[in-house]
Amino acid sequence: MATATMVLTRVKVQRRFGLALRVTVVLALLVLAALPLLLGGDVWAQRISRAAIYAVIGLSINTLTGHAGQISLGHQAFVGIGAFAAAFMASRLGAPLGFGLAAAGVAGAFTAVVIGLVALRVTGLYLALVTLAFGLTAETTIFNWREFTGGGAGAFAPRPAVLASDHAFALLCLGVLGLVLYLDWRIVSTKTGRALAAVRNNERIASTLGVNVTGYKLAAFSLSGLIAGLAGGLFAHWNQIVQAMDFEFQVALVWVLMTVVGGLRSRLGVILASAFFALLPLTLPNFLSSLPWQPPFLNEAVYHVLPPFIVVVMLLVVLRFFPGGFGQLLRPATDWLAGKRKQ
Amino acid sequence: MKRRQLLKVEGLMLRFGGLQVLNDLSLSVREGQIVGLIGPNGAGKTSCFNCLTGIYQPQGGRVFFDGRDVSHLPTHRRARLGMARTWQNLGVIDALTVTENVMLAQHQRAGYSALAGMLGLAGTWHRERELRRDAAEIIEYFGLEAVADERTGELPYGVRKTCDMAMALASDPKMLLLDEPASGLSPEEALGLADTLRELRDRLKLTILMIEHHVPLVAEVCDYVYVLNFGELLTEGEPAAIQRHPEVIAAYLGGTAEPTEPPEWPLQPEGAPHGTA
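Going line by line, the protein sequences match chains D and S.
Be aware that the first sequence starts at 1, since it is given in the UniProt record's numbering, and climbs by one per residue.
Be aware that the second sequence starts at 1, since it is given in the UniProt record's numbering, and climbs by one per residue.
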């Protein structure tokens with residue numbers, strides 16, 4: 001008896017101590033992550049906003065591909081429509097930012113549900129082709145619709161006075177990222193996550209367990225589209241101008257692949273990979289031009305295609321060595337931080 | 001006293017292209033019965049289950065469940081009425097742990113909407129804890145505590161099969177459709193299953209329709225048996241009568257039955273006294 005109690009007490013003490021340690025580590029990491037925002041200038045605030053927007057996009061793809069097992073190669077359409085909707089609301093209607101972002105989310109969700117209806121009929125490779133074709137079509141039609149998007153000149157998306165500073169805007173982007181992270185966490189912790197896992201793995205089994213497969217697929221598409229549209233709205237106000245060329249197919253390709261590289265269903269992995277690919281185009285030219293020797297073929301066009309090239313190479317490495325993405329590498333650390341113990 | 005019919009099937013017709021899988025199949029299961037569905041491989045037993053649960057849409061015939069015509073209801077709606085099934089090749093989701101699988105099976109009685117769960121509204125946290133506790137009870141009943149947090153994909157066949165059964169029960173059904181519950185079990189385990197099935201019927205008031213090849217189990221536990229051959233009902237009756245039926249013997253052994261000379265009896269329970277043979 002006595003020994004049992006002692007062991008129990010020791011375990012309790014260890015756990016309490018462990019909890020304090022874990023909280024400290026998490027807080028330290030958060031402070032470390034916040035340093036660039038606190039100490040860095042506007043450039044760092046802009047970079048952090050961009051990284052947060054990319055992370056929201058990554059989580060949008062994670063909802064669809066990671067949770068529901070549906071593929072989308074046309075995510076630039078959802079994000080782009082959200083961006084143009086927000087710009088339209090801000091510059092043409094003079095609506096407050098909140099309404100603009102709401103419109104962006106609704107526009108993205110609506111578009112995604114249309115694709116979702118197709119996804120009820122086709123799966124796998126064919127769905128990839130359908131979404132690919134949809135994204136390319138949206139680029140050349142909706143994004144060049146002069147009245148809505150301003151055509152080639154682009155649509156302006158001015159920020160309200162409160163968010164005029166890059167630091168304030170970065171806080172908004174981080175706030176939205178926090179909200180999306182919360183949604184993702186609740187999804188996997190409730191029946192929604194289990195139902196989506198069943199739909200992803202075996203639709204027949206899911207349906208005999210009472211899961212409305214059609215409903216959950218459409219819900220996943222609409223939620224993913226909502227988050228993507230929201231990210232598009234943030235992107236519009238981040239850049240303060242939206243152009244069709246911001247939403248080319250290769251951008252969508254980078255988004256999908258960065259999510260896989262980060263690790264489907266791994267929030268931390270998706271965020272880290274998204275941040276990396278958000279900052280890559282900004283830092284790559286400077287980095288390459290600072291090298292002592294430059295290959296003769298380096299020019300603007302090469303900078304443009306390097307991120308997709310790099311993400312593909314990383315994808316191959318990831319698929320070969322740790323199929324769960326970076327999230328898999330981080331798992332021991334995240335499990336410890338979340339207080340999960342090994343059996 | 002005759003008990004109420006829980007499941008009734010009338011004139012089921014199922015065709016895949018030129019292949020007639022089910023032809024005018026009718027059967028009924030009364031409340032509290034354990035009914036067997038037997039027949040040679042390819043007789044259409046699993047296809048019949050797929051029609052009952054709504055996975056296949058038959059070309060003709062009707063399915064009544066619990067007094068309702070469910071012929072045109074989608075699968076998940078039938079499940080919500082209290083129809084649970086297990087699968088020949090297992091109905092577990094490999095990516096989830098045993099606990100998560102059992103909680104997945106509780107989907108329809110979670111008691112909150114998907115949206116409420118996503119937003120993390122007040123009641124959902126409490127319900128999740130309750131569901132987890134219920135799941136733990138079911139897992140304990142089936143002796144799966146040791147593997148509760150293991151992914152089912154990494155577990156041996158027998159354990160996954162038990163998990164499948166636990167899931168069928170976790171959905172709180174009125175009726176269990178079991179597709180070969182004894183496959184992969186040793187003869188002793190299969191007979192042990194008979195006790196489990198009777199306990200489920202008596203304690204949980206469940207009605208059971210099962211596909212089974214293991215004849216001693218069918219003979220032991222079933223109140224009534226339907227024999228399917230080439231998609232048609234060959235015969236029906238009490239297990240004892242079925243075992244003497246010449247056409248059943250022919251269907252199982254192939255060739256024609258010779259009614260004058262009772263053959264070496266393939267459907268006899270092992271250990272039971274042989275008839276005249």
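Calculated directly from the structure, the hints in this document are not laboratory data.
Even for Gly, the Cβ is constructed at its ideal location relative to N, Cα and C.
There's no promise every hint is true.
[To be verified] A partial selection of chain D residues facing chain S, derived with a Cβ cut-off under 10 Å: (1) R159; (2) K191; (3) N201.
Hint numbers contradicted by this structure:
Hint 1 contradicted; others consistent.
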